[in-house]
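**Student:** The primary structure of each chain is shown beneath.
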Amino acid sequence: DVKVTQSSRYLVKRTGEKVFLECVQDMDHENMFWYRQDPGLGLRLIYFSYDVKMKEKGDIPEGYSVSREKKERFSLILESASTNQTSMYLCASSLPGYEQYFGPGTRLTVT
Amino acid sequence: QQQVKQSPQSLIVQKGGIPIINCAYENTAFDYFPWYQQFPGKGPALLIAIRPDVSEKKEGRFTISFNKSAKQFSLHIMDSQPGDSATYFCAASMMASYDKVIFGPGTSLSVIP
Numbered sequence: 530d531v532k533v534t535q536s537s538r539y540l541v542k543r544t545g546e547k548v549f550l551e552c553v554q555d556m557d558h559e560n561m562f563w564y565r566q567d568p569g570l571g572l573r574l575i576y577f578s579y580d581v582k583m584k585e586k587g588d589i590p591e592g593y594s595v596s597r598e599k600k601e602r603f604s605l606i607l608e609s610a611s612t613n614q615t616s617m618y619l620c621a622s623s624l625p626g627y628e629q630y631f632g633p634g635t636r637l638t639v640t
Numbered sequence: 000q001q002q003v004k005q006s007p008q009s010l011i012v013q014k015g016g017i018p019i020i021n022c023a024y025e026n027t028a029f030d031y032f033p034w035y036q037q038f039p040g041k042g043p044a045l046l047i048a049i050r051p052d053v054s055e056k057k058e059g060r061f062t063i064s065f066n067k068s069a070k071q072f073s074l075h076i077m078d079s080q081p082g083d084s085a086t087y088f089c090a091a092s093m094m095a096s097y098d099k100v101i102f103g104p105g106t107s108l109s110v111i112p
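Protein chains in written order, with this note's numbering: chain A, 530 to 640; chain B, 0 to 112.
There are no misleading hints in this set.
Taking lysine-lysine pairs in the PhoX-like style, the calculated list, with each CA pair at most 20 Å apart, reads: (1) K70/B x K56/B; (2) K99/B x K582/A; (3) K586/A x K599/A; (4) K41/B x K532/A; (5) K582/A x K599/A; (6) K582/A x K600/A; (7) K67/B x K57/B; (8) K99/B x K586/A; (9) K99/B x K584/A; (10) K600/A x K532/A; (11) K532/A x K599/A; (12) K600/A x K584/A.
With the Cβ distance kept under 7 Å, some of the chain A side facing chain B (calculated, not the full set): (13) N560; (14) L570; (15) G571; (16) L572; (17) L619; (18) E628; (19) F631; (20) G632; (21) P633.
Here's a subset of chain A near chain B, in silico, CB distances under 10 Å, partners left out: (22) F562; (23) Q566; (24) L574; (25) G587; (26) C620; (27) P625; (28) G626.
Just so you know, the hints here were simulated from the structure itself, not pulled from any lab data. It should be emphasised that the depicted structure is a prediction, and the values quoted were computed from it without experimental measurement. Here a beta-carbon is modelled for each residue, glycine too, at the ideal position from N, C-alpha and C.
Please take these sequences and the hints and turn them into a complete structure.
**Tutor:** Here it is as structure tokens:
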């Protein structure tokens, strides 16, 4: 079974802090994704990576950056957390052209 | 337009009922329409998917109906069970950018015994 793990289930940070969300997949997938999930808005793509060190902006990249130094690991970075970044963050991975497998999510609260 | 619209926002049905979730899109370049199911505390998981060259697809108790001319598609759950209680997302993508999936806002389904 594909396994996508996220470093934390719940995280509370203060405004202005630098926040790292880590995602690891164990199926040698080329693609990895970061989404945020908000009620009534569904899942919105923040960033997408199709190879090590390669990344593409999604629909809402402002305020976020990403890092993919190894194939299995994709990190989302909030350089200076703000309260409007309080959300559920979901990581996913896939082979190109195939279904995405999601992790359990990290619920981030910025106070 | 990249948006995928979805209704209703929430739905409550009795066990055995047939909940129906409707979705609509504008971009005729979309050519792959998956549905994802998400249980509380879990990430979404692919439930069933359809391409526009067919009008209906069934997998077990789940059926997708697709109306290409109306740019609408829907999910029907036959003989619904309490274990089907979850949030359902319709989505769309294009072969040209196959891995970029546009999700609808989601429908929270509760099936009561």
